[in-house]
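Asks: Residue strings, one per chain:
Number of protein chains: 2
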Amino acid sequence: MIIDVHGHYTTEPPALHDFRKRQLAGQTDSGREPTSTDLGISDEELVKSVERQRELQKARGSDLTIFSPRASGMAHHVGTEAISRQWARVSNDLIGRICSLLPDNFVGVGQLPQFPGISPRNCVPELERTVTELGFVGVNLNPDPSGGYWTDPPLTDRHWYPIYEKLCELDVPAMIHVSSSCNPNFHHTGAHYLNADTTAFMQLLQGDLFEDFPTLKLTIPHGGGAVPYHWGRYRGLAQALKKPTLAEHLLANVYFDTCVYHLAGIELLTKVVPIDNILFASEMLGAVKDIDPETGYYFDDTKRYIDQVEALSEEDRGKLFENNARRVYPRLDVLLTKRGHPRERVRATAAERAN
Amino acid sequence: MIIDVHGHYTTEPPALHDFRKRQLAGQTDSGREPTSTDLGISDEELVKSVERQRELQKARGSDLTIFSPRASGMAHHVGTEAISRQWARVSNDLIGRICSLLPDNFVGVGQLPQFPGISPRNCVPELERTVTELGFVGVNLNPDPSGGYWTDPPLTDRHWYPIYEKLCELDVPAMIHVSSSCNPNFHHTGAHYLNADTTAFMQLLQGDLFEDFPTLKLTIPHGGGAVPYHWGRYRGLAQALKKPTLAEHLLANVYFDTCVYHLAGIELLTKVVPIDNILFASEMLGAVKDIDPETGYYFDDTKRYIDQVEALSEEDRGKLFENNARRVYPRLDVLLTKRGHPRERVRATAAERAN
Chain F
0 MIIDVHGHYT TEPPALHDFR KRQLAGQTDS GREPTSTDLG ISDEELVKSV ERQRELQKAR
60 GSDLTIFSPR ASGMAHHVGT EAISRQWARV SNDLIGRICS LLPDNFVGVG QLPQFPGISP
120 RNCVPELERT VTELGFVGVN LNPDPSGGYW TDPPLTDRHW YPIYEKLCEL DVPAMIHVSS
180 SCNPNFHHTG AHYLNADTTA FMQLLQGDLF EDFPTLKLTI PHGGGAVPYH WGRYRGLAQA
240 LKKPTLAEHL LANVYFDTCV YHLAGIELLT KVVPIDNILF ASEMLGAVKD IDPETGYYFD
300 DTKRYIDQVE ALSEEDRGKL FENNARRVYP RLDVLLTKRG HPRERVRATA AERAN
Chain C
0 MIIDVHGHYT TEPPALHDFR KRQLAGQTDS GREPTSTDLG ISDEELVKSV ERQRELQKAR
60 GSDLTIFSPR ASGMAHHVGT EAISRQWARV SNDLIGRICS LLPDNFVGVG QLPQFPGISP
120 RNCVPELERT VTELGFVGVN LNPDPSGGYW TDPPLTDRHW YPIYEKLCEL DVPAMIHVSS
180 SCNPNFHHTG AHYLNADTTA FMQLLQGDLF EDFPTLKLTI PHGGGAVPYH WGRYRGLAQA
240 LKKPTLAEHL LANVYFDTCV YHLAGIELLT KVVPIDNILF ASEMLGAVKD IDPETGYYFD
300 DTKRYIDQVE ALSEEDRGKL FENNARRVYP RLDVLLTKRG HPRERVRATA AERAN
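Protein sequences, first through last, are from chains F and C. The opening residue of the first sequence carries number 0 in numbering that gives the first Met the number 0; numbering runs sequentially from there. The opening residue of the second sequence carries number 0 in numbering that gives the first Met the number 0; numbering runs sequentially from there.
One chain only, chain F, in its complex shape (with noise of 0.2 Å):
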């Protein structure tokens, strides 16, 4: 099977833009607060706001996807911090009911109620809700809650370790994933979500996370950002800071998605990051929605991509699309072994074990 393990609802119904807004005008204008969270979505509308994804997902032969709320919608910087815990909570909430209605198509990761300066402890009810309760299976953490100013500490700070405490606990993965950006200086999906990328790898190379946090696993979005691309500088640098090889340092909790929109970017990728550390991803619908005119095909159809790049063996993709991603989330592995797939291809890398 395939999964595609970044998919954000970007299709939801006016109900949840007309919520937010009244959520924030309240905090001008109390008397424009919502009065409940009700939101009245039906069932059916649900489905119908995913009816696009799904034929995407006939269209281009992928089966299931890891879908969490609209990342650009997250916007910790926005309001207070009880206003990003009532708003996490009704976009998980529409996230969970959709995988109940469609569970074969989607399954749930979550938004977390983060709020710059603010410990993300806060965030750790919601975590533990969206998983025992709604049945998620992983969730997006804003390495920049402050939306493109970046005043909140490095991932490797105590400041952030109740959350991987918990992660640990639940044995769930997070997508290092940041929201829109309230800087001019970044574009959202061109400059801010990149660069974020590549700092919370490069926060990771600095530090040693992961010697207190063994078994933690995180992803890194959109191809790495620019990390594949200066795998060699990022190996030197490895060197240079007296840390251990990236592989012995980093790749047995890391790992990179393939939201990369053209070959040559996919070629790179699976040529100098090792197969085991990918996951097939397309982020649809997501940054780039359109067709590429030098193809003919969707710009974000990642999987046409993987499937031109002839050193990939049986094997390798077969981790690509769907083992790897059965490991690094294994309360999905759980899941689907449970609804029938098998799972004897699922094991730890070398990499892993050695932890």
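Derived by calculation from the structure, the hints in this document are not laboratory data. No experiment lies behind these values; they were computed from the predicted model shown. Cβ coordinates follow ideal geometry from the N, Cα and C atoms, glycine included. Some hints could be false.
Said to hold, decoys possible - Between beta-carbon pairs, the in silico distance windows are:
no., chain 1, residue 1, chain 2, residue 2, range
1, F, Cys181, C, Arg157, 17 to 23 Å
2, F, Lys270, C, Lys20, 31 to 37 Å
3, F, Ala353, C, His340, 25 to 31 Å
4, F, Glu247, C, Thr79, 44 to 50 Å
5, C, Thr10, F, Ile290, 49 to 55 Å
6, C, Cys167, F, Arg53, 48 to 54 Å
7, C, Asp17, F, Ile290, 55 to 61 Å
Based on the hints, put chain C in the right spot on chain F.
Replies: Using the frame of chain F, we list chain C on its own:
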């Protein structure tokens, strides 16, 4: 001949570091202020200080390095505007002396006295001085003088226009290059540099700067940050933002260097970016100084990677190693022509002629 467009003076004599220390200490205790900007560094010391660079030029087969003050040393966020002015002047003067002493090895590029929140109009006199008095052929422009907090406006904002006007008038290009980071989230060479490259390109994509400055030339260093690896994303974003193609919108004015420290990265760069827009560079002695244990050669010996890319024709190599640099740095071309280096192959590209 082989021109390396990106070298920084990272082997400065201790007297320069001492000056800087006194300059900054003087902000707290005026008794410590340096009494003179004459550092007392002899010509012999200067020549000796760049011995290693010249050895590596010889060993690697490059001829001329476009040489500027240490990028991380610019530290525009430190001190005051006056401090920045004095520091730029002292740093540029040293580069000017090295280029006079060793004209066959080095041609100068300047540092600007930028300061966060201050109009870069303040930089025009020093830019003019370095070009007309010191004979420099370009300048480094820091898109984030705050050192990692990105509090100044994007490069397409009119804030920056005084610099662009002077660059066009003098006919010199700028390399968009940040300095050190005072934000603990960003390692300078592992995150801040690459993020700034990615950010600058996306700002230019979002804007229409070259409609106002059709002859302005900007180089994005470090292989363009994340950009070539995500070339499909950027082509798609240009389309979604209703801009012309990347080639039409940006490639008559924007160039990438080859500071990418592994073969797969250089292969990708030369495959997706038109050869006319790639300038040979190694940033030596720079970001990554060690030997790559996988190859037995220095990570930053970028010529070796280019030599291994079989898809490049002799004409491509001529452009990449020499002719593009002479086109992008017209004052360098004048200089080399005077010195008897033929220039018959240096012609404007179709994209440049269309502007």
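Asks: Confirm or reject each hint.
Replies: To see whether the hints hold, each was checked on the structure:
{"no.": "1", "hint": "Cys181/F with Arg157/C: 17 to 23 Å", "in the structure": "holds, 21 Å"}
{"no.": "2", "hint": "Lys270/F with Lys20/C: 31 to 37 Å", "in the structure": "violated, 45 Å"}
{"no.": "3", "hint": "Ala353/F with His340/C: 25 to 31 Å", "in the structure": "violated, 55 Å"}
{"no.": "4", "hint": "Glu247/F with Thr79/C: 44 to 50 Å", "in the structure": "holds, 45 Å"}
{"no.": "5", "hint": "Thr10/C with Ile290/F: 49 to 55 Å", "in the structure": "holds, 51 Å"}
{"no.": "6", "hint": "Cys167/C with Arg53/F: 48 to 54 Å", "in the structure": "holds, 53 Å"}
{"no.": "7", "hint": "Asp17/C with Ile290/F: 55 to 61 Å", "in the structure": "holds, 60 Å"}
In summary, the structure is inconsistent with hints 2, 3 from the numbered list given earlier, while agreeing with the others.
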